[in-house]
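From first to last, the protein sequence lines are chains A and B. Per the numbering used here, the first sequence starts with residue 1, numbered consecutively. Per the numbering used here, the second sequence starts with residue 1, numbered consecutively.
Please keep in mind that the hints were generated in silico from the structure rather than gathered at the bench. Yeah, the Cβ is synthetic: ideal placement off N, Cα and C, and Gly gets one too. Careful: at least some of the hints might be erroneous.
As the list claims (entries may be wrong) - In silico BS3-like pairs for lysine-lysine, Cα to Cα no more than 30 Å straight-line:
#1 A:101 to A:85
#2 A:76 to B:64
#3 B:29 to A:51
As the list claims (entries may be wrong) - Selected chain B positions facing chain A (in silico; Cβ < 7 Å):
#4 8
#5 17
#6 22
#7 24
#8 352
#9 355
#10 356
#11 360
#12 361
#13 363
As the list claims (entries may be wrong) - Partner residues aside, some chain A positions facing chain B, computed with beta carbon under 10 Å:
#14 2
#15 16
#16 71
#17 90
#18 97
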Amino acid sequence: MPIVLALALGVLLGLGATTFLYAEGASYLSTDPAACANCHIMQPQYDSWQKASHHTTATCVECHLPDDFVGKYLAKAENGWNHSKAFTLQDFHQPIVINEKNSRILHENCLRCHGPLVHAAGAAAEGAAPRCVRCHASVGHGETTGLGAPWAGVDAESAGTVND
Amino acid sequence: MRTYVILIVLVAAATAGVTALLLNVATRKSEARTPFVRLVEVDEDTTDPAEWGKNWPKQFDTYKLTALATRTRFGGHGGSEAMPHQKSEVFPFLPRVFQGYAFAIDYRDRRGHAYMLSDQEETERQEVPQTGSCIHCHASVMPLYRELGDGDAVAGFEKTYAMSYQETNAMLHELGHGHPVSCVDCHDPGSMAIRVTRPGFIQGIRALAEGDAPVPHLPSIQRWREGTRTAPYDPNADATRTEMRSYVCGQCHVEYYCSNKFKLTFPWAEGLTVEGAEAVWDSIEFEDGSQFHDFKHKETRAPVLKAQHPEFELWSQGIHARSGVACADCHMPYMRDGATKVSDHWVRSPLLNISRACQTCHHFPEAEILARVENIQSKNFQLLQNAGAAAVDLIDTILATRAEGATDAQLAPAFQMQRKAQWRLDYVAAENSMGFHAPQEAARILGEAADLARQGQVAALRWRSGGAAPDPR
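Chain B with its partners taken away, still in its complex shape (with noise of 0.2 Å):
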């Protein structure tokens, strides 16, 4: 008897276990089947990620943790305090080299996506009058440049750099669509596929492929100037998969000129280098007749260039775009969910998911691919105070020589040295990788702008001497 009660309970709990396994396997296999129900409908208008996020939890899951505080060695916010530390604590020349410009009297480490309207929204630079393009990047905005422009985006969006940013960010959450970047802004919402939606971006890369820059990591660019050009470049139809995961990112991590004299632009016709965009700057003549610049450098007076932050021309620069390798695929990175394969949608340092981020690729333990990013990383940071600290001199020794008599006219050449080194220094300073996207150019561009600036002192230098200033080299 005894025995019989024994053997039934052991054969009850093979059961059990073989039932939970052929769940498990039920489960895994509906999973694969069904990656996503529709449940309700999304159209271009639904800029509420909350929408989306009924038809694909997975990925709303993960997009709303960019609302987490994360921090790396050299970027991010630490967590306890309210907002990130001012970027001035750690580079102390910023605030000099930005005299005269909003960036010196608010200028924060970086916060995840959750937050780049509110930041945007709360930044004391707001003190300043500041212009409605800047709303391109912060905001799912393509309903109100529909709205701006009745249907037509283009026309829209080419109508807010005249505007101040209080109306249009006043517009925007009138029209319900005050929510930071969305799933609308990348996705088609009829078949979710990829897809870029930003008119900057649209112009920009057509002006990019309408040139002649080589673009060796963007095939489908090679394609397109080398076939009829019946129709312009469309990242749309003609970029590859892996383009587009590079592309939606392209759409606002670059340089480009957000004020209120034209359009927002991004200046990729001469390439996706730095001196590329130095040169379309360079071209551009205000309608005053004064050289193209971001702001007078209230000190030296100098008409200087302010860089956004160049995050996907430095990474065209990189040997990572040179292999192939989107952003999405280090920053947004392959995941599983039981049977599924998932995009993580919280966008975010690959530092802090290494594994995915790099071990499919990099065969090498977590410890040993951090240290050599580090590596590089530190070089950079040690290379931009460098260049810095340069830059800072050359404001000083302006000041200086102008205090013994010279004039504007004599100092010209160094005001041009201060334009090209600030230029080169800020491009670095401003990228948020510290370098790492492509870390012999970034040191290249530290090289050549401590260079410059000491060029400039030489420059300044010369009035000393009674003889003119040499020409720039």
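Okay, chain A solo, but in the shape it has when bound (with noise of 0.2 Å):
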């Protein structure tokens, strides 16, 4: 019976190496920004970061990560973890749209370089001006493609009210 049992862990092993191999699954522990496309659904976003400002200061996981080690390894996991969940079984949401706290990542990355200038102007103090990119929107993705920006905060219950 133990050798039985030593064949399927066996196989089980192989082939969930296989796997790993097969879905480049060694690319997501880089900081390669095409491994974030390797998917296809983040491809707009990985074009139009190709043509925006940042593309020469700031790679997808310099933005989108958080900077300490711990940090961003729990980040890469659980993004991972709801990345792969979701092409899986395809069943997002289209656009597909940051949640706040990934969101809530990437503005402290705006002020982990830009802090110290816009410290004064009160940016910096949690909870007390707007995230950057409500107004930058363009900075990662470009002008055009309409990505970028926000998710706005319009809540359920004041949405759909212009006609009152």
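With the hints as a guide, bring the two chains together.
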């Protein structure tokens, strides 16, 4: 019986390793922006970033992941799980939208470089100012793609009341 | 023993899961690598969309959905009844302003692309003789034009205005091309590149380029104007990809002359505005020396114009065109299908597909976006009703003053006001966006329509005080 189990585990291990290699699993541990477009969902984001102003100074992960080691890999793991689940089950909202947690990470990364410059304007204070991309929507993904601006904070209650 | 069995079952389940994942990854990878498989050859004469559908099933599947009945607050087809409602049920002024014209007989709300040919064949407007020009935009017509022109499509096209609709339609079916707008009308069968084919559009956009009206939303025309102009403007060679994504729709969703005195004509030489088209029509004189008109109003006898459906033109005046947003961006937005990106060929109102059509740029909840659109449209609806009431009042006033003894010569200024007012009214009424394609422009046009109709009443009533009618402003 132990032999059967050993064989079964071996098959699982081999299959798992093959799947990992075939799905380019290792690329997700890198910082290569091309890896973010592996599954093609992020292709417009990848293409537009190449034409946007921050192309020369920041890659995907420098804006979209925390800078500290633990935070970075925790966020990678969480987003990796969310993205693979959504793409495998094909059950996600289109167009894709940044979530609140990732939006906060993004803002902190703006401040990581630009903090000293905007500190006087109060932008660095938590909750005290709108997030940078509210106005600077084009810096990451360019002017015309419609990508980059945050989801507007219109709550469900006030949405749809223009006519009243 | 029991532990081993449980472990083996667990490992088997995990292995099955990993295998399923591997297969899923493989499927997505192959989707990305092979977006289509060319199973059958298609060429310029393949008008049957089902043939193309064998190669491009994703696009064909959504194309077929244009047969579904769809409805928004202000347009479309409710679904339960066989045909869309008569527009006069919503706009009571329509039959009155169209007196003496076939649109007073039958004028229904829109249906999807799938019905464009059958609806045209069945409309009661066919009780009045119609020209072969109409086929230009209701069928996959290019092979018929080549047949009529001995290989030269433009020559064939220029023959059809003098033919009857029935004769042209019968030829179309005999040649086996009795299909609504089809793949080949907008795609090159060799490369699948997006392209325009309609002679009316190609001639119209050429006239627009050769004029000097501003077209800030069409940069390739600007570049052509500044260039050597050795060859005429050719949308298929000169236009950008974004422009082409509107040009294909502009082949038909436009204002045009479509009757039997001369060929189908897009009035764009003076620009894409309501005044530009009016100037072109006003500059034309019929062979008998009379002023160009689409019909003589049966009650007032004024020579008036009928607007078709100037969606391309009104969009041209709006903020979306100015921002580089093409027709297809909202009416055929990109959608995901596995790992591939497909243009949705279910051409329909963006309001039925708000997430893909609007939220790519407008990062608001769907309810918020819908409310903003309905806010614009309901205001336009009200302005439309006001302008329509004014146009009907003008007709009544002309009839009343004629009954009192005013002559046609004395009423001539009022006739011109009726012409101008109805043209503006109909320009927005016939346009299929309830003002949304350019809200401020639509409001301006409707404001003018009401004003001109009231000025026409003043001109007619001036007769009562014995004074000559004032010249139109």
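How the hints compare with the structure:
1. A:101 to A:85: Status holds; Cα separation ~18 Å.
2. A:76 to B:64: With Cα atoms ~41 Å apart, residue 76 of chain A and residue 64 of chain B exceed 30 Å; violated.
3. B:29 to A:51: 26 Å, holds
4. 8: Interface hint status for residue 8 of chain B: holds (6 Å vs cutoff 7 Å).
5. 17: Violated, because the Cβ-Cβ distance from residue 17 of chain B to chain A comes to roughly 9 Å (cut-off 7 Å).
6. 22: Hint holds; residue 22 of chain B Cβ to chain A Cβ min 4 Å, cut 7 Å.
7. 24: Hint on residue 24 of chain B: holds, closest Cβ of chain A at ~5 Å, below 7 Å.
8. 352: It is violated, given that the least Cβ distance between residue 352 of chain B and chain A is near 15 Å, above 7 Å.
9. 355: Since the shortest Cβ distance to chain A is 6 Å, the answer is holds.
10. 356: Holds: closest Cβ of chain A sits about 6 Å from residue 356 of chain B, inside 7 Å.
11. 360: Since chain A brings a Cβ to about 5 Å from residue 360 of chain B, closer than 7 Å, the hint holds.
12. 361: 3 Å, holds
13. 363: 5 Å, holds
14. 2: 8 Å, holds
15. 16: Check passed: Cβ of residue 16 of chain A comes within 5 Å of chain B, closer than 10 Å.
16. 71: Residue 71 of chain A check fails; min Cβ-Cβ to chain B is 26 Å, beyond 10 Å.
17. 90: Holds, about 7 Å.
18. 97: 7 Å, holds
Against the hints set out earlier in the document, violations occur for numbers 2, 5, 8, 16.
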